[in-house]
Amino acid sequence: NAGVMQNPRHLVRRRGQEARLRCSPMKGHSHVYWYRQLPEEGLKFMVYLQKENIIDESGMPKERFSAEFPKEGPSILRIQQVVRGDSAAYFCASSQQGPGTDTQYFGPGTRLTVL
Amino acid sequence: GESVGLHLPTLSVQEGDNSIINCAYSNSASDYFIWYKQESGKGPQFIIDIRSNMDKRQGQRVTVLLNKTVKHLSLQIAATQPGDSAVYFCAEMGGATNKLIFGTGTLLAVQP
Numbered sequence: 001n002a003g004v005m006q007n008p009r010h011l012v013r014r015r016g017q018e019a020r021l022r023c024s025p026m027k028g029h030s031h032v033y034w035y036r037q038l039p040e041e042g043l044k045f046m047v048y049l050q051k052e053n054i055i056d057e058s059g060m061p062k063e064r065f066s067a068e069f070p071k072e073g074p075s076i077l078r079i080q081q082v083v084r085g086d087s088a089a090y091f092c093a094s095s096q097q098g099p100g101t102d103t104q105y106f107g108p109g110t111r112l113t114v115l
Numbered sequence: 116g117e118s119v120g121l122h123l124p125t126l127s128v129q130e131g132d133n134s135i136i137n138c139a140y141s142n143s144a145s146d147y148f149i150w151y152k153q154e155s156g157k158g159p160q161f162i163i164d165i166r167s168n169m170d171k172r173q174g175q176r177v178t179v180l181l182n183k184t185v186k187h188l189s190l191q192i193a194a195t196q197p198g199d200s201a202v203y204f205c206a207e208m209g210g211a212t213n214k215l216i217f218g219t220g221t222l223l224a225v226q227p
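Protein chains in written order, with this note's numbering: chain D, 1 to 115; chain V, 116 to 227.
Chain D with its partners taken away, still in its complex shape (with noise of 0.2 Å):
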């Protein structure tokens, strides 16, 4: 009974370059939300998507950044030219059911070194 899976892990990128970060969410959930922590800080929501829509997108910066949850295959968190305030860790969380008290389940995350 898998649960969130992220990968890569640890990803290394140069200014300038992309970053695609991927989710799979747990078996039977069908609601994914991306967070972003800096070093000893709390997560902060960026994005919360069902398959094919973008719900709330209220926490994405507005350049270089977007996400995607297609109907088939993980959901995608694209970081187009990175810079070094991009270096974080991002985590993904899925859940069974949409707004309300649904319990989110984290994945271990991928860790983004911009050089």
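Mixed in with the good hints there might be a few duds.
Covered, in the sense of this in silico footprint (three residues per stretch, anywhere, with C-beta under 8 Å from a C-beta of chain V), are these stretches of chain D [stated by the list, open to error]: (1) 21-28; (2) 42-52; (3) 56-68.
FYI, nobody ran anything at the bench for these hints, they're computed from the structure. From the three backbone atoms N, C-alpha and C, an ideal C-beta is built for every residue, glycine too.
Put chain V on the given structure of chain D with help from the hints.
For chain V alone, kept in the frame of chain D given last:
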């Protein structure tokens, strides 16, 4: 704006003692609260949750207390063990889209 904050950044306890981690939240409209445990290099792990229509909820060795009057949340861990050493986050759920708002975290250090 909305915020969830913790009173103590670091808590050091002796093995076997009880631990209490506190959290203050500012959004009185939030109706769901969760405690997560995060070990180094890992993702947050769900510990226990509570809804706003409850004051107390117990799990295995853990209890969450909610005081809506003063907007305060606490996590009690009984008979703390070395394996409990981690950063603990409280989070509130606000709005209609399940967005979690996290506090900054408390590091729990269990001394053998």
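Status of the hints after comparison with the structure:
Proximity of the stretch 21-28 of chain D to chain V, defined as three or more residues with a beta carbon under 8 Å from a beta carbon of that chain, is not established by the 0 residues found. Restraint check on the stretch 42-52 of chain D versus chain V: 5 residues with Cβ-Cβ distances below 8 Å, three needed, restraint holds. Closer than 8 Å: that is the beta-carbon criterion, and the stretch 56-68 of chain D has 3 residues meeting it against chain V, so the requirement of 3 holds.
Figure legend: structure checked against the earlier numbered hints; the only hint not met is number 1.
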